[in-house]
Every structure is written in C-alpha cells, then in structure tokens.
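> Put chains F, S, Z and E on the given structure of chain X with help from the hints.
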Amino acid sequence: MPQNTLTPDYHFLEQVETTGPFQASACYQCRKCTNGCPVTFAMDIYPDAVIRLVILGQRQAVLGCETIWVCAACETCSTRCPNNVKIAELMDCLKEMAVQAGVPSPQPQILALHASFLKNVKRWGRVFETIFLPEYFLRSGELLRKWQTGTWRAEMRLSWQMTRKKRFPMFPKTIKGKNEVRKILARRKQK
Amino acid sequence: MMDKPKHLSQKQIDYCMECGLCTGSCPISRELSKFSPRQMIKQVVLDPDGGLEKSREIWACLSCAACSERCPAEIDFPEFISTHRQEARKAGNFPQESHHGILQAVAGLQTRDLKQQRTQWAREAGVFGDTGEYFYFVGCLPFFDVTFRYMDLSPLESARSVLTLLNKMGIEPVISNHERCCGHDALWCGDHATFHKLAEWNLEVIKSSCAKTVLFSCPEGYVTFKKYYPKYFGKLPFEVLHLTEFLAHELSAAGLSFQPSSTAPITYHDPCRLGRLAGIYEAPRQLLKSLPNTDLVEMERNRQNALCCGTSAWMECSSYSKAIQMERMQEAVQTGAQTLITACPKCQIHLACAQGGADSDLKVIDLYTYLRQRLSDSGANGG
Amino acid sequence: MTQTHSTPQSEKTGSITIIGSGIAGIQTALDIANSGFHVDLIDEKANVGGVMAQLDKTFPTNDCSSCMLGPKLAKLANHPNIDILAYTDVLGLEGEPGRFQLTVKKKARAVDPKRCVACNICAEKCPQRVSDPFNLNLNQRKAIYIPYPQAVPLVYTIDKEHCTYFTKGKCRVCEKVCKNKAVIFDQEDEIITLDTGALILAGGFEPFDARLKAEYGYGQWPNVITSLEYERMLSAAGPYQGHIQRLSDGQIPRRIAWVQCVGSRDSQIGNDYCSAVCCMSATKQAMITKEHDGEIDTSIFFIDMRAHGKGFDRFYERSKSENGVRYVRSLISRVIPNPEDDTLSISYVAPGHDPQEETVDLVVLSVGLCANTSSVKLAERLGVSLNEYGFCESDPLDIVATAKPGIYVCGAAQSPKDIPDAVQQGSSAAAQATALLADVRGSNVTAPTIHEERNIRGEEPSIGVFVCHCGINIAGVVDVEAVAGYAGNLPDVKYATDCMFACATDQLQEIKQAIKDHALNRVVVASCTPRTHEPLFRNTLREAGLNPYLFELANIREQDAWVHQAEPQIATHKAKELVRMSVSRARLLEPLFETSYTVVPEALVIGGGLAGLSAAHAFAEQGYKATLVERTAELGGNARTLYYTEDGAQPARYLQDLIQKVENQPLITVCRETQVVSITGSCGDFTATLSQKGQSQTISHGVVVVATGGQEHMPVEYLYGQHPGIITQKEFEKLLVSAPDKARQLKRIAMIQCVGSREPENLYCSRVCCTAAVKNSLKLKTIQPDAQISVLYRDIRTFGFRESHYSEARRQGVRFYRYALEQKPHVTHQDGELGVSVFDAHLQATVQLQADLVVLSAAIRPRPESRELAEAVRLPLDEDGFFMEAHPKLRPLDFAAPGYYLCGLAQGPKFASESIAQAGGAVSRAVTVLSQKEIVAEGMVSRVDAELCRACGECEKACCFEAINVKQGAAGRKQAIVTEALCTGCGVCNVACPTGAASLAHFKDEQINRMIENHSQLNSED
Amino acid sequence: MKVSYYPGCSLEGTARDYAESILGICASLDIQLEEIPDWNCCGATAAHSIDHRASIELAGRTLNLATKLPNSDMLVPCPMCFNRLKTAAWALNQDFANRYAINLQGALPRIWDLANFFATEEMLQSTAKHIKKPLEGLKVVCYYGCMANRPPEITEATDFENPQALDRIMESLGATAIPWPYKTDCCGASQVLSRPDIVSRLVGKLYDMAQRVGAQAIVVSCQMCQANLDMHQEKIGADWKRNFSLPVYYFSELIGLAHNVTGVERWLRRHITDPFTLLKQLNLWNNP
Amino acid sequence: MNPTEQPKILAFVCNWCAYAGADLAGVSRIQYPGNVRLIRVMCTGRVNHGFLLKAFLRGADGLLVSG
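Protein chains in written order, with this note's numbering: chain X, 632 to 822; chain F, 5 to 387; chain S, 63 to 1084; chain Z, 7 to 294; chain E, 47 to 113.
The following block holds chain X by itself, in its conformation from the complex (with noise of 0.2 Å):
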C-alpha cells in the first residue's frame, strides 16, 4: 500500500481502457472484488485498490505488484462487481503492460511459464505438455530451486507415476495450420 502523498494522474486510465472497455472508472469502491478473491493471502495490493491506483494513475505501483501475477483469473470479482468492472481482464492488461514496459515481474516464474507455454504453442500450434513442463522447470529456474529445497524428488515421484500411467504422450502432434499460429504469436514483443 504506498504510504506517500500521491499525485493522480488522469490520464493513465485512459490508456488501459484502450484494451478494455474494463470500466475501471465505475467502481465505487465496495472492495466486493477484494472479499470474494480467492488469493488475497498472496497479494501485495488488493484487486480494490489496484483498480483505485489504476484511477488515479498509479502507474509504477500498479504494473510492479505482485497481485497482477498471482491472480489466478478465476473471474469471481468480475462476475460479482455491482459495476461491471472487469476486473480479472483488467489485472491481465495489466500484466501485458507491464512485460510491454520491461517492468520487472516480481513473480518471474509465472511470466516465465506463461512464456514457455506460448513458445511451446508457437513451435507446434499445440501444447506439448511432455516438453513445456520440462522447459518451464529449467528456464524458470524451478527445477533448482526444487533442487535446493529438497521438494524436488517428490515431484520426480510424480512424474514418474504420470509416466507410468502413459499421462505423458511420446510424440508431439504438429498442426497444418502452425504458421498462421506463429503469426499470430509472433507480434509479442519479446523481452
């Protein structure tokens, strides 16, 4: 929450909602969004407050907090606000502008998913999950930290039980259309 004096800016809102129509500016702040959300607990700003920052302009506290990234999309504020803000669309505009901006994610794992799952797309048309979770633990630098917490050989447990029970396919399936996928993934801009 900051603590300074801030100074709105008018203008920023106006931006976001050039990707929307979000409605940010509808909210009368009943914080039913916030009460409802499932992952507050893992949240630096409520959803209440991160569409009020969003109001007055906040740009740097918005696209820098963690609660853009946590939020699981599970679209309950959405569906309950009284003033159809939409609020889970709001937070992955959020996310875009910020990768967009090189502000840094302070959860990089979950860019870093989303990333290699897109990559994945990308490559085949298809996810190809026997190849995106791999990648995900190595680029994310998951797998070490697993390593070094020791939680690592619980999930090699699973993996292999997955294995077993043939959840893992051999073989990717490629699409005829992959091209027209890679156009369309292609505009991303990379950071």
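Read the hints as simulated data drawn from the structure, not as lab findings.
Idealized CB from N, CA, C, for every residue including glycine.
A few of these clues could be false.
Unchecked claim - Heads up, simulated DSBU-like pairs for lysine-lysine below, C-alpha to C-alpha not over 35 Å straight-line: (1) X:LYS796 - Z:LYS247; (2) X:LYS777 - Z:LYS211; (3) X:LYS797 - Z:LYS139; (4) Z:LYS139 - X:LYS796; (5) S:LYS886 - X:LYS717; (6) X:LYS797 - Z:LYS247; (7) S:LYS843 - X:LYS717; (8) X:LYS717 - S:LYS809; (9) Z:LYS286 - X:LYS796; (10) X:LYS809 - Z:LYS74; (11) Z:LYS211 - X:LYS750; (12) S:LYS232 - S:LYS222; (13) S:LYS1066 - F:LYS94; (14) S:LYS1066 - F:LYS58; (15) Z:LYS138 - X:LYS796; (16) S:LYS687 - S:LYS723; (17) F:LYS94 - S:LYS556; (18) X:LYS797 - Z:LYS135; (19) X:LYS809 - Z:LYS8; (20) F:LYS58 - S:LYS578; (21) Z:LYS211 - X:LYS796; (22) Z:LYS211 - X:LYS717; (23) X:LYS797 - Z:LYS138; (24) X:LYS750 - Z:LYS74; (25) F:LYS38 - S:LYS1029.
To be verified - Simulated restraints on C-beta separations: (26) S:ARG380 - Z:GLU159: 34 to 44 Å; (27) S:GLN282 - Z:ASP44: 41 to 51 Å; (28) F:ARG34 - S:HIS949: 42 to 52 Å; (29) F:ALA95 - E:ILE76: 39 to 49 Å; (30) S:GLN282 - Z:ASN266: 32 to 42 Å; (31) Z:ASN99 - X:GLN646: 21 to 31 Å.
To be verified - Partial list, derived from the structure: chain E residues whose beta carbon lies under 8 Å from chain F: (32) GLY96; (33) LEU99; (34) PHE102.
Relative to the frame of chain X, chains F, S, Z and E by itself:
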C-alpha cells in the same frame, strides 16, 4: 315542625334563632351566595329528609368555626356539618377530593398493617428514640413533603425544625415509624370508619412508647387528639400538648438564644384548628415576641376573628378557596409585614399555593422553621 | 376557479380511484375523502395495508409500525366516503380526465363480507395449512384466512389455490362451522364499472428476489434471510412472537450480519438505483436487535451510508454510540455455510486492515425495492409510461404527475422511498387529483344521517348488558349465560342477556329494540375489543336515539376468553368482574356533545419561495383564497438560482412561470415585505396580524402553511472567501449557466462535500449536495470534457434514481475520494495556486490535488426568520432549527397544532421537486379542514369546572397542545379555558389540576375510580 | 447425433483419462464426435495473461475452422478452452472487433461446455435410459471450477453461482449430490506450476469442505481441476496435516461406470488418488 | 392478601399501544394468569397518583401503568 333526626342534638339545631350571624360570619358564604349555614339548619329543622345529605354544599363548609364562635345560641355548626357528612357519605354523596384524593387514599391505606418510612427524615435531622417521656406526633408531613414537591415546598422542614429545637432543649422525643394519620381529615370527610381505625392504631402506638406527653406541631392533630379522641375513646392516658404551649412554657428555661431579626415586621396567622377550635391564641404570639428585636404586627382580623386559610380536609378546593386565600394574603400585606408566619402546615401550603398567582413579596413561613432559623449558633446546646 | 376545463362541470365525477392500498394509498384516500370527494380504494390483495403492515418498527423514531398504521386503518374502515375494494383487479380504463370509467373485477372471496363477523372459527377449523405470505412463509396459516388480526376489511377469504374444496372438491368444513352462513363456495367474480374523476397509482413496490444474488445463498442456507423476513421475526405479532432466532434451529443468534445493497446499486442485475431505505432500515433493525438482546453482535456491511432523511444521521450516530452497532464499509462477496452448526462465514477487508473472516449465526440481506410486477402490468394497460426499472415515470419537478392527464402516482410506485416521503406524495397526489375535480367537490359524498337524541338528564341509570358468545370464541371458554345472569343483578342493570354475535346486523337490531322496550339509557356490551367494535355499537346507540357516549364495552374475548383458554372457571370469573367494572363505569357515563366552529375557507401561506408559491397556487386551484406573505421584496427564494436538475428539469424557469401564475391568480393576495407578527385562534378560525413596512393589518384564515425556507450555509472553512477560486456549489451552478466560457477554462476542479453538514454541531445531512456535485460535474463535462473533476466526499448519498447519475459521473471520469470526518481535506493557497490534499480513506494514502477551482458543497441551513416565526406563533423547531412536524413518519406535513402545516426547506433539506410535492401535500392536508363548513370538535375533550378552578395554571403548563389556558373567564375572574378544537383528550390537564376542576369527559376521575373500586370482588363489601 | 468436437491440448496429453471416458460414453450414447480439423491451442491462461490479442486470435482461428463443419453444436470438454473460445466469439462480435487481425467467417455452432451438454433434459433422459448399475450410496460433491461459468456474460451461464449441471447428472445416475458452497471456487489451477503454495491452500479448502458436508468423492468436469485435486492430494494433505482420501472422478467416468461401458477401469487407473477403494466399499466395483 | 390466591394486578393502559398489545396477546392466544384487570385510558398521561393509591386501597396488590 317535624321530629328532628335522632342523631342531632338540641344544641345543634333547636336553639337556632335564625339571626343569620353565622352566614354573615362565614367566609364561604361571602363568595358562594347559595351557601348559607342559617338556611342549612333551617332546612333540616323544617324537613329532616329534605336532601341536605345529597347536596353539594354539605362539603363546602370549611368547619372553620367562624360561625359558631359568634353564634348567640352557641350552636356548633361544624359539629352539625360533621354529623351530616357522615349521612351524606352513606347516601353516596362524596366530596370533590383535591389532588385526586391522594391524601384521603394515603389515610385509608394507613388503616392497614403496612410498612412505612415515616422517620427517615428524622434520622438526618436529629436525635430521637423509640420510647421516652415525650412523643412527638409528626402527622402527615412526610406525605405532604412528597405531594407538594411540585410547588417547591418542603413541609417536612417544619418537623425537622421541631426536632432541632427539642434536641437543643435536651429532649430526645419519641418519633414513631408506626404512627398513623390522626384521622382529622377522615372525620371531617364523614368517614368515621377510617377515623376510628386510625385512632386505634395511634393510641396503641403511643401506649407502647411509654410517653407521658404527646407534643403536636400540627393543630389538626392536636385538636383531634385533644377534643375528638376523648369523645370517642374516653380519657387518654397521656397529656396532649401543642408545641406552642410547650415551647412558650419551656423555651426560656432551656436557655436557647435567638438572633435579633432584621427590622422588617412579621405577622401571624391563626389556624382555625389551633385558634377557634382549640382556643390557643396567645402561646404562639408569646413565642414570637420572646425573640429579640421582633416586630409582630397583627392583621386586621386576628385571634377569634381570624380568616380561615380557605380549604379543609383536602376537599372542595375551588375558586372560592382561592378568593379567601387572596383576601387573607392581602390583609397580611397591608400590615406592612414581609413575613407571614403560620403554625399549621395546611395553612402554609394553601397560602403558598395562592401566592403562586399573586405578585407580593410576602414570605409565608412555618413558625417552627422560623424559630429554628433564628436560633443563634452560639446558643446553648441542650443535648 | 380560473382553470378552464375541457368538460362541462356537470359531467365531472366527484370521485377518485386509488389503486394500491399501502401507506401512500391510505394517506391519499383519507385526504381525498376528508376534502369532499368519494374514494374507491382498490387493492388486488384481500386486505389493505401494504408492506407497512408487515414492518415491526419504523426509523428514525422506532415507533411500532402497526401501532401507527392501526388508527389509519380504523379511520379508513369507518369512513363514510371510502369504498374499500380489496381483492379487486383493474381491467380497463375508458373516458377522459374528470370522467373516467374504470372496469374492475371484484374477485370472489367465497365469503360474504356482509355476513362475516371475523370470528375466526372457520380458520380454526380449517384443516388445510398453507405457508403464510404475510409472514413471508416463515409460518403457516389456514386456507381461509385474514392476513393479520387488524386487517381491513375484516373479512375472511378462501385461498382457492390451497383450499381442499376448491382443489379436490372435498371438505366444506368452514361452511359447516360458520354460524353466520358467510361462506359461499359458489360466489362469483363480479365485474363492475366505477365512475371516477381521477386515478391515483399507489401500487408500491416489491422486495428484490434475493435468490437472484445467489452468492449470498438465500434460499440455499437456512440462516440467510431477507430484511423483510427479519422484520417479521422482530415483530411481536410475527411468526416467532418477536423472538430473534435462527431458522435452522430456533436458537438465539449471537452474531448477526446485515449485507446492504442486495439488489440495489447493482448494474449487474440491472438495478442501477439506490433503494433509499435499506441503510436506515438495517440500522433500525440492528438497534432493535440490540434492544431485544444487548448480547447480540450486530454488524452492518455497507458501501455508502445513506442517512439522507430528516433525523437519519442522528439515528445512525446513535446506533453506533448508544447501541454499539458495528458498521463495516465493505460489501460482502459471498456467504459460506458451516455444515456442522449452520453458522455462516463471511470474509471482508475493512479499510486499512487485512482480510478478516468472521462467523455469524444469521445473515440478513437488505433487499432492495423493485417495481411491483402487477403495477407494471397495470401501468402498461393504462398507458402510463414506466422508467427502465419499471417504476412509473413522472414529471421531474411535478413528481406525482404522470404523462397521462388525470392519472397521478405516489409512493414507492414512483420511486423507492421511505414512509414520510410516500405519505407526503400521497397527500400531494390527493391535492392534484382533487384540484382537477374542485368544482364538483361535495357532489358525491354521503352526508351523515342525523338521529334525534333522547334527553336523559335527570334519569336514573338504566343499563342494558349484552354478553356475546362470539360463536365459540367466548362461549367456548366463558360461561356466557352465567355472566349475563350475574350482570342482571348488578346495580341499575335493568336488562341483561346473552347473544350469539353482538355485532351481527340482526343482533344490533335487537339491542335497539331492547333500548326502547326497557327504556335503557346506558348500554354495556361484553364482547371483543373496543378498538375495533366501539364505533359500531356507538352507532347503534345513535340509531336508537341515545347519545353514543352512553356505551361501554367489556373486552371478554381478546383479554379474557382467548388468554385463559384452559381455565374456563377463571375466565368466567374474570368476565363477571370485567362486566361489573364496565357496569359501574356505565352508571356514571354522561352524554357528550360535539361542539362545532365555522371554518374560514381561506389560507395563510408564510414564505414566498418555491414551496410557498406552490402551496398558494395549489390552494387557488382547489378554489380557496390564499394570502401569501413574503418577507422580502421579491418572490422566489432559493429556486431562483436552481437552474437545472440532474434529470434535465429547470426549476428556475418553472419558478418564473409559477410566480406569474400566482400573481395573475385573483384568489391569491401576495404581501411582499411583510412579516407575520402573531397568529391567534384555532384550527379553522385563525386571525393573523401582519406587518407590512410598519403597517399592521389582520386577516382571518382557516389554515396556516409555513414555508419559510432555508438558505445555503456560508462556509467558514477551506479558505472560503479568501480566494476567488473557492466558491460554493450554488455559486458554481450559477457560473456554469451564466459563464460557460469561463467554465470551459476550468481544467481541474475539486469539490468538497459535507461543508457544514454531518458534523457534531450540525448533525444532519443536507440531502441534496451529493446530487448537486454529481449534476454540476456532469454539466461541466458537457462544457469541458477534459475537465479533471475530483469530488471529496464522506458518503455519496445519491438515493433513488439519482444513483444512475452518480454512476454516469464515474463513467465519465469524475474521480471520487472518500475522506473521514476526522481527516478532513486541506485547501492550500500558494502563489495563486490552489491545492487540496485529502487522505483517501479507501487507499489510506494522502492524495495531493491541484485545482483551478475549489467548490464547497455547503449545507442547507434553516432561515433565521424561522426561529422568529416559531417564537411568535409558538411552533416547535427541531435541534437543527428546522420546523418540527407532528410526527416524522406519518404526519410529515402537519404541525402538532391543528390547522398548521409545513413544507419546503423550512422542514428540512430537500430537492426542489420534493418541495413542490410537499407544498401540494400540505395543501391537501389543509383542504381537509377548509373543505368543511364547520369543524366538529371531539366530544371527549377536557372540561373545566369554573367554580373549582383556582387559575393556578398547572394545566396550562402540562398541556402539550396549548389547548388549555388561564384567561379571564365568564364569571369575571381568571380560570382555565379549553380550546376544544385543540384538545386531543389525553387528560394530562386533568392529572395536573390540583382541585379537580379540569376533567376529561368520558374519562372523569369518578368514572375511572368506579372501575378501580370494582376491579376485584374484595371491595364490594366496602 | 453428430456434434463438432474440440478436445483441446491436454486431452491429448495428461488428461487422457478424461478424453477416453468421453469417447467411451459418447459411443454408448450414440453421439458422434467430429473433431475440428487442424484445431490449434486456445492460448489458455498464458495468452490472455500476457498477449490479449493472441488470446482472441488463437481461439478465433479455431472458431473459423469450426464454422466449416455442418454441425450446430460443438462440444468443448476443457472449460479453459470453452472459456477462451466463448471469449473470442464474444470479442469478435463487439464493435471493437477490428482490433484483431481475424474475422469470424461464418455462423458459429453453439459452443457447449461438456457438463452442460450432458445436463440438458434430453441428454439426462437418454443417459438415464442406459443405466445398468445405479450409483446408489455414492455421496459426492460436484465441483465446477471457474471457467465453465465465469464470467457469465461470456459463458452465458445463468446459475453461475450455484450451477446444477453435474448435480443433475449425478442424481440421474442414482448418486447423491450434496449441496455445498464451493462449487465454483477457484482451485488455482493456473498457478499449480508457478505457485504450488497458493494451490495447496485453495484445494485444501475444497477437500476440507467436501469432507465436512459428508462427501465421499468429488466429481468434476474439468481436467485442470481434476489434475489439481487428484495429483497433489497427498502433498496437500501433508500441508493441512490431514488425510483426505477423496477420489476425484470425471462425471464422464461415472456415467461410464453406471452404463457399464468398457474401459472404465483403464480410465480410472490413470488417476493418482485411489479411485477404486471407495467404489469397492459401495459395491459399485466388482472387477478385481 | 390471601396467600393461596394470586396477587391482584390492576393495569392502566393506553388505548393506542398497551391496550392494543393486550388485544394482540389475545389474538395470538398467548396465555397468561387470570389475575390482571385492565383499565383503558386514552393516554397514560391521564393516570394520576390518586388512581394508583386508590387501587391499592381497593385491594390491588400490584399495579402496571403501560403506554
């Protein structure tokens, strides 16, 4: 002429000469022309069943005895009225009770075995006992104190003063929580049943206190004990004294000293019960005069001729009552006195009530309170 | 009359139909019926009363709702000029304003209303239990029913959907047990056509269906209930006798949470309006809960506290400080049940705190007010347009007028509103409808029949006693014959008998006969409660030529048979005693005569602002002369600078038209630069002394309307007056209208709300400022779309449909910052630059704003002249200096003193449209007086015995109504004199009087004493 | 009956059990599934999180392929895919559709979330007809998750706070569906790889409530939910210091079980949390 | 007072509230002991001390003024 009713004595009607002195003396008749003692007697003489019992006027009499005081035939008109009121009540004719009959009801309740809080005031005001030579009969002051609080009056102040004076004189009187209303009002309201019950209680209470002398500050209690208790119960086993008599006799010996008063003159109002009904006129005057530097002036009508305070027995208070009270107050003002002293709590209440509507600076004060207020602090402490 | 009517006078109908019989409809009906018109009051339901009958208490006085409604219902039921058409549907409307024909269907109740005496035996015996909609299905009633005991009309109805005879062709028990043969199974619907001059829609509202907000689990988890259900729960007459309990297990809840805005302020479900009453209603419920049981924790979860009505903020503050109600500014997202104990978990984040989880025993959903489905259908059929939410659309300034001439609307059918607003509007609609028909006033009313009265003076009491069986209601418990026999031996009783139904028409005839046959001069009926049946029996006496006050009821049903059902001996003994008490009192009853005064059919209106002008104009429209007194040289008051409203109306322009109409109206005398010096006399016959530029004159008038107005508070804070860029909201409005070019230059505006409102020294909400800020923001946005507008507020109180303007302002980018009273904003001024810093209570951070203009929403204050008038005329003011109405809930337009009415800002802050409606309403109330040739004072008034009166003045001190004063009397001396027109018969003077001179007729000391003496057998020997 | 079918990537991989059970029951109910030719990944969380345009266009491409099939209904077993396809269908019909480099090229079939498809009155009746072994005694809670319901203007769900589709299916199979408050609470699937701590908390809460209301198993219609609830149950149990032992069945598997479709054992064997013991206890599983 | 009897209660009640409340008790069939007698007044402001004292004098054991 028809036979007179059995319950009426010769003295009550037969000697009437129809001279009209009674009606001419009557303060009520002057305000309420249809009220005439003379005609009431005549009516009974002519037609004993003529409906006097059912008339409203039966209740209008103040029983102030201004009439009988002057009656050449010595007819006791108050007694006449009292007798007829008993009949009226039997006939279903009731008086207009003032203050919603609270005080009659209080008296009625005292005929029962009940818990009272009669002595609480006394515990704060002085020293008293359960047994002893002197019994101070307080009367209804504790009830008046509650009832007339709305008038900013505290009739109990009188009792407190009495106790202070007695204590200073070295007397620790009996004040009993079991005391009852003396029955005066019940008697004058024609309610003899209640009167009898109350009197029986009181006689029992006094007997158990071993008192030899019963002192009264209230003239009604005094006259009821002095005159009416013996009438119905025979000779009483104790002496009945009014405090004015007692104080007039004992005060100087007690060595109390009083402050000189301010120079303003005072005047004294004779209560009917103390004056005309009991014959005590001089004792209170003597007391007042014994105070240093006191200018006691008399109203035009004083002693036997004193004007009544306007109501009696908490009934039939009316515009006539008020007119009488205003007249009396006016008389007091005309003396140039600034203080009117009464020796009766009811006179005090009635005159104070009337004064609520008047524009005079006259102060109505009770005799005992006046005495206490003038006590020197340095005065001898009898205790 | 200056109005020209399209129809010839003779063709108009002096009758008005009201559709909907909630409190708004009832008030409208009474006003109209009391001003010389016939009323048909229609309701689709079987009985009248609406939602108010279901409420337990009402805010902000916490008065018992049914206690307040009861007397109104009684008046309604006994009114000679009101036909109650309950259980009736409207089919169609033809004709034109002034002479409509309304076709209605009187649905068959299967009970003959003329025969039903509401003895309840049918319901007792009916085997079919049905969940009871009056109690929101929390309990059951029978298939033949009345919804609640005080129902009007007091007639049973068969619920054909559930009755086993109607559904399965079997049973007929009710028919069998009905001793009066009132059940008629083949009764048919009746279609009738009513001639009516005007129509008033008062269909009320429907509570929001909480199932639509499924996240709260209503209908799914037993301990989630709606506010209306909770209201029934609190009610002593409700399904749980007022015991607060969990529905799952009947246990007393320890913690209760209210969730606000369920179905209100919610675009998600299309209700983008505020229901206007729920904040106060929840506050009230929490307070009452605390009063029931102080151990219960009460928490209200809300968004903005909408305490915008008179006395509401004090009520809200009191609930916090005195009752310990907790308020949490956080809207609960969902309710989670705990399966082990049916408790409910809720989680929330309060400003500046971490997420909290709480477990409560009961969740009360404050459901919003929605358009009544059947009203919507009706409006469509009548061609009345509806707004997007289904409420009747009405003129933005003239809120009781629909677009269709001759059809008016009032109450919650127009918009969600609380009871006083509904009552005011009901009166206002009455004023407009009756103005339309003013020239046929009195053409369609029933004149009361006059019966010659026997003089009983000098007669000994001769009493007749009638002891009622009430079917088996009384006779099932009490030995009625024994009671009648006992009564026959009581003193002065000349005739005593028992009867099956004392109130049945044939029995009433027998009572009349007995009065004649036995030369009775007093009548005692031992049956049910006088509250419902005394008028009926009194009327019987009247018809038999006896003064109606010679009647006495002994209540041996409600207060005996029904409460001692298992103890017939005790009940019989008690019945005897009750009869003895009544007989003893009856012996002393005296005939009472009502006195009457001639009414001066003119009005005095004090104050020439919008309210006063509207009132004067409305009087003229009703055909009455009015004197309009204005202190200043110019008419118009505050409305002169009210250029536009949020919904596009233009009060200032409306005002100019109104002034013109008033000035051209021959029935109105306008006195400018005039003050009222004094008013003497009483209702119907006043004399006012006016002073015009030092010249004094007196006028006679029958009624007074006080409309002295209010004024904008001059701020003393936020550097007001120290910088040209700091102005008030009114000044800003003027700027927007008069200098739009200048306004266009304004890029950064900061508005500060509650300047001078809602502070300890002025603890009231000025009601209009939030809407004004929103309205002016939107206006500026149209002039300058790039303007950055910041509104600093404490609670946004755009109640009702005004909420949609608040939403619009947010959507248009107006920024709203909430501040707390403890952390008010600071306005700074440096080098010509204005700055505002505010601690944003939501973010818990300080926000620094720059401003080209700072706009202060200054409070509405009463005019100082109100105080002067109050002192001169002796009218009461409230703590804030506004005039105090007779009762904030049901008599918002009346003063306690009869003949005085109030409207406009003098009564409290309000919108222009509300002032106009109130003025109309005040006139409607006043016309109930003016339309009578004479005023009949109630016979049950205080009388003074001149002989006993010693003019002490205790009575005068005690009287709340200034009905008794010490004056020079006829006997030439001072005495207390009663102004009978003002006397309400409360008897306080009687108590205050030391001598017994003042006594209340019919409740004299001796009459009551006699009952006391006879209250128990013990005393008969005395 | 022939319908278009969009299986989605995970049904080709980790959710083979779900995929096979769908094929199994559709065959038994005579529903022909026509797979959309050359469909691509919907973009899932990753795309909508950091590449909004791609998220619409990826799904848009598949939608355009779907328009080419003649079927009026399209079944989407994966709620994530369902949600993304519905979102794209919505967005590409808005007035800002020109933001995207793709246009809808024909009339779309009705996009069905699988559970809702099987809960129509018609399907319930048809399902009931094929019951060989009613699931009597089985007490379950139905867990719907987020994506098939929210946001309702996209999913067009009406009972999104208290969905009934799975409950109805379960009741029609003879099982008892216990009402509970967490039907649509998030299990955190999108964070399972990146923030397993969050998932442990969210899923643990679901197990806890399921047991408190007396359920023996959880029924799902989402392979992400299934994986999330099934795969980590032991670990989450350790976090919560509880032994949950709640089998997590696909509704399709239970239909298959009640219909006695061959292959049920094969599907169930792919679960991590033991699905058999409970069924054996209830005499619903006789196979060795 | 006879100890075997129940105390006699006399109540002075306001027509508009407490009397209505007593009616409601009847309508709701709430059973209570039969030792209460009600005296209806239009307002409890009508009740003076005299009534109360007289009620005691006339054998009441308890009084209730409700309004």
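> Next, verify each hint and record whether it holds.
These are the hints, each one checked on the structure:
no.: 1; hint: X:LYS796 - Z:LYS247; result: holds (27 Å)
no.: 2; hint: X:LYS777 - Z:LYS211; result: holds (24 Å)
no.: 3; hint: X:LYS797 - Z:LYS139; result: holds (28 Å)
no.: 4; hint: Z:LYS139 - X:LYS796; result: holds (27 Å)
no.: 5; hint: S:LYS886 - X:LYS717; result: holds (32 Å)
no.: 6; hint: X:LYS797 - Z:LYS247; result: holds (30 Å)
no.: 7; hint: S:LYS843 - X:LYS717; result: holds (24 Å)
no.: 8; hint: X:LYS717 - S:LYS809; result: holds (29 Å)
no.: 9; hint: Z:LYS286 - X:LYS796; result: holds (21 Å)
no.: 10; hint: X:LYS809 - Z:LYS74; result: holds (18 Å)
no.: 11; hint: Z:LYS211 - X:LYS750; result: holds (33 Å)
no.: 12; hint: S:LYS232 - S:LYS222; result: holds (13 Å)
no.: 13; hint: S:LYS1066 - F:LYS94; result: holds (22 Å)
no.: 14; hint: S:LYS1066 - F:LYS58; result: holds (20 Å)
no.: 15; hint: Z:LYS138 - X:LYS796; result: holds (28 Å)
no.: 16; hint: S:LYS687 - S:LYS723; result: holds (14 Å)
no.: 17; hint: F:LYS94 - S:LYS556; result: holds (23 Å)
no.: 18; hint: X:LYS797 - Z:LYS135; result: holds (33 Å)
no.: 19; hint: X:LYS809 - Z:LYS8; result: holds (27 Å)
no.: 20; hint: F:LYS58 - S:LYS578; result: holds (30 Å)
no.: 21; hint: Z:LYS211 - X:LYS796; result: holds (27 Å)
no.: 22; hint: Z:LYS211 - X:LYS717; result: holds (26 Å)
no.: 23; hint: X:LYS797 - Z:LYS138; result: holds (29 Å)
no.: 24; hint: X:LYS750 - Z:LYS74; result: holds (28 Å)
no.: 25; hint: F:LYS38 - S:LYS1029; result: holds (25 Å)
no.: 26; hint: S:ARG380 - Z:GLU159: 34 to 44 Å; result: holds (43 Å)
no.: 27; hint: S:GLN282 - Z:ASP44: 41 to 51 Å; result: holds (45 Å)
no.: 28; hint: F:ARG34 - S:HIS949: 42 to 52 Å; result: holds (51 Å)
no.: 29; hint: F:ALA95 - E:ILE76: 39 to 49 Å; result: holds (45 Å)
no.: 30; hint: S:GLN282 - Z:ASN266: 32 to 42 Å; result: holds (34 Å)
no.: 31; hint: Z:ASN99 - X:GLN646: 21 to 31 Å; result: holds (25 Å)
no.: 32; hint: GLY96; result: holds (3 Å)
no.: 33; hint: LEU99; result: holds (4 Å)
no.: 34; hint: PHE102; result: holds (6 Å)
The structure fails none of the hints (numbered hints given earlier).
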